[in-house]
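Q: Going by the UniProt record's numbering, the first residue of the sequence shown is number 1, and it counts up by one from there.
No incorrect hints appear here.
With a cut-off of at most 16 Å between alpha-carbon atoms, the simulated EDC-like pairs for lysine to aspartate or glutamate come out as follows: (1) Lys412 / Asp379; (2) Lys85 / Glu63; (3) Lys303 / Asp279; (4) Lys310 / Glu265; (5) Lys303 / Asp351; (6) Lys32 / Asp80; (7) Lys375 / Asp404; (8) Lys112 / Glu63; (9) Lys123 / Glu149; (10) Lys123 / Asp95; (11) Lys541 / Asp565; (12) Lys112 / Glu133; (13) Lys123 / Asp53; (14) Lys85 / Asp37; (15) Lys195 / Glu149; (16) Lys173 / Glu149; (17) Lys397 / Glu437; (18) Lys541 / Asp560; (19) Lys375 / Asp398; (20) Lys303 / Glu254; (21) Lys123 / Asp78; (22) Lys112 / Glu135; (23) Lys29 / Asp80; (24) Lys61 / Asp80; (25) Lys123 / Glu150; (26) Lys272 / Glu254; (27) Lys559 / Asp583; (28) Lys198 / Glu150; (29) Lys123 / Asp143; (30) Lys173 / Glu150; (31) Lys183 / Glu135; (32) Lys29 / Asp78; (33) Lys112 / Asp92; (34) Lys559 / Asp539; (35) Lys397 / Glu429; (36) Lys198 / Glu149; (37) Lys303 / Asp278; (38) Lys195 / Glu150; (39) Lys303 / Glu277; (40) Lys272 / Asp298.
Worth flagging that the hints you see were computed from the coordinates, not collected in a lab.
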Amino acid sequence: MNLLLRFSLTHSHLHTIHPRAFQVAPQLKSVKLSSNDLSTLPAQVFSPLRTLDQLHLDGNKLETIAPDMFEGLVGLLDLDLSRNKLNNPPSDVFDGLTNLNFLNLGRNLIRKLQPTIFHSLTKLVYLFIYNNELEVLETGIFDGLVNLEELKLHQNHITSLPPQVFWSLRNLKVLTLSSNRLKAIPEKSFYNMPKIRKLTIYNNPLLSLPDQLMGHMPDIKEFYLLTSLPQGIFLNLPLLSHISLYENQLESLEPGIFGPMALQELWLYDNKLSRVEDDTFRNLTQLRLLVLSRNQIDYVSTKAFRGLEKVGEVSLHTNLLTTLQAGTFQGLSSLVNISLEHNFISSLPLDFLQGLSNLGQIDLRNNSLPNLPQKSLDDLSAATEILLQQNPWRCDKDILPLRDWLRQNPSKVNQTMVVCETPFSLDGEVIALLSDENLMPIMSTVEPVLTSTEKRRKPHTPPSRRSTSSPAFKTTPTSEYEEVTSSGQGEKEIVSNHTLIIIAVVSTVVISTVIIICVFWRRNKRGRGNIGAFEGLVDLKNIEISSTQLTSIPVGVFKDLSNLDQIVLKSNKLHSLEKGLFDGLKKNKNNHSYYYTNSSYNTNYHYTFHNHHAHHYTSNYHHPYYHNTTNHHCANNNIYNHYKHSYSHHPPQRHQPPLQQLYPQS
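Let the sequences and hints guide you as you build the complete structure.
A: What follows is the structure, given as structure tokens:
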């Protein structure tokens with residue numbers, strides 16, 4: 001036994017140790033009893049091990065430790081008590097461990113630590129108390145830890161900090177206070193830390209920060225902060241290379257907030273930023289990565305990115321942008337990737353990619369683009385890869401420039417993913433494969449009129465033509481409204497003068513049972529359908545209402561359409577559907593569907609409405625860093641909103657190759 005130096009018995013369901021178990025091996029240097037079922041330990045069971053330098057008791061069920069448990073272990077360097085159920089260690093439990101270098105108390109249930117519990121640990125370098133239930137830090141608790149380099153206090157319940165609680169830690173390099181309950185931090189809390197390299201205080205309900213928070217920190221390289229930013233907070237930090245301010249409540253960034261520094265990465269996603277003003281980042285001349293995604297940004301000024309000559313990637317995805325300013329990316333000669341997906345962009349400014357000679361990818365997925373003119377397509381050609389899918393492409397004659405450009409640039413775009421959304425007859429068709437004959441005429445102010453016999457007209461409108469097998473169209477808009485009456489049925493339909501209402505195949509006797517109705521509500525200022533719009537069309541099978549300004553549909557508009565099989569509501573501005581809207585539809589059949597996608601607002605809301613014998617369906621939401629597919633069972637006229645994406649884009653998780661691969665160091 002004299003030769004045995006290291007003893008390890010782990011993952012073995014050990015629940016008892018004899019009080020004299022180690023008396024026969026006093027020469028042991030290391031004892032590892034990790035991941036067992038120990039709930040108690042005999043007093044002084046380790047005391048015979050005078051030369052012990054490593055003791056691991058992590059992953060057990062220890063609730064208490066006797067004050068003399070470690071008595072005599074003067075040579076102990078490494079003590080791991082993590083992943084137990086400790087709640088209130090005695091104040092003198094570590095007395096005598098004067099050579100201890102590493103102490104891990106993480107992942108316990110500790111609510112309070114006595115102010116003198118660490119005072120004899122003058123050689124301690126690493127102290128981990130993360131993931132406990134600490135509510136307060138006692139004044140002076142860290143006094144004497146003059147050699148401490150890492151202090152991890154994250155994921156506790158700490159609500160406040162004593163003034164100057166960290167001031168004795170002049171050798172500290174890492175301090176983590178993230179995921180606590182701090183609402184305020186005392187002034188100058190982080191002074192006297194000249195060697196600090198990493199400081200995290202994110203995920204705290206901080207309401208504000210004092211102007212004097214951080215002292216001279218010449219070596220700091222990582223700072224994770226989530227709160228409002230006082231002016232000058234990042235001054236005197238010349239070596240700071242990485243700032244993460246994600247998942248907080250930041251509403252604005254004042255110009256000048258970032259002083260001259262060698263910052264290379266700035267993470268600002270998941271905030272409440274609404275605007276990016278001129279010269280916000282002007283001093284960050286070494287920046288390579290700027291992440292502004294998942295905010296509420298609806299405006300980026302022309303000179304917002306001025307000074308970022310070395311930036312290789314700008315991420316603005318998942319914001320509220322409807323357009324971009326011309327010249328927004330001007331001067332960013334090193335720019336490789338632009339992420340603009342999941343916005344509301346409906347058009348692109350001219351020359352917005354001018355001068356970007358190194359541009360690799362521009363991501364425009366899931367925006368509100370109905371088409372792209374030739375000049376915009378010429379701009380996009382500057383990139384080597386363009387992502388255009390999940391836009392509400394309207395396949396009429398205006399789509400021809402995009403179709404031809406797709407055919408000419410097969411290496412830049414995945415053509416099979418760029419498909420029509422409207423009209424309904426071309427939904428899902430690959431745009432690059434469309435022929436001229438496939439495309440609908442460009443919709444303007446044409447107003448078709450449904451009629452089966454004679455129609456009354458207002459005195460100031462020209463007479464309409466009769467129709468027996470096809471609809472009649474009026475190309476001259478009327479003023480006000482027009483009453484359409486089918487003499488065989490006595491129906492009435494009130495129509496706005498600026499709408500192209502219904503295209504249908506009409507029979508002289510009854511409406512055909514295979515009718516497809518397409519409603520293109522172009523300039524209807526009222527934005528609301530009329531209750532009697534489909535009155536009397538009892539044999540109607542399919543209805544599509546697409547690409548409109550419609551904001552609501554009144555209950556009763558589909559009343560008595562007992563033969564209706566399908567309703568498609570696409571690319572409108574509907575925010576909600578009222579309860580009872582689909583009552584009375586198909587109560588005696590199983591195979592029917594109602595599909596609604598609000599693509600003109602580009603939020604990818606997917607709803608399915610079922611009145612009877614609900615169907616399973618899948619809602620897919622594509623995210624650049626997250627793909628979620630959920631299956632739901634829907635019934636009884638309920639509306640299910642499945643727009644929920646909750647990815648956390650943390651700095652270690654790369655959505656692109658490492659910076660050194662994308663942007664060579666200069």
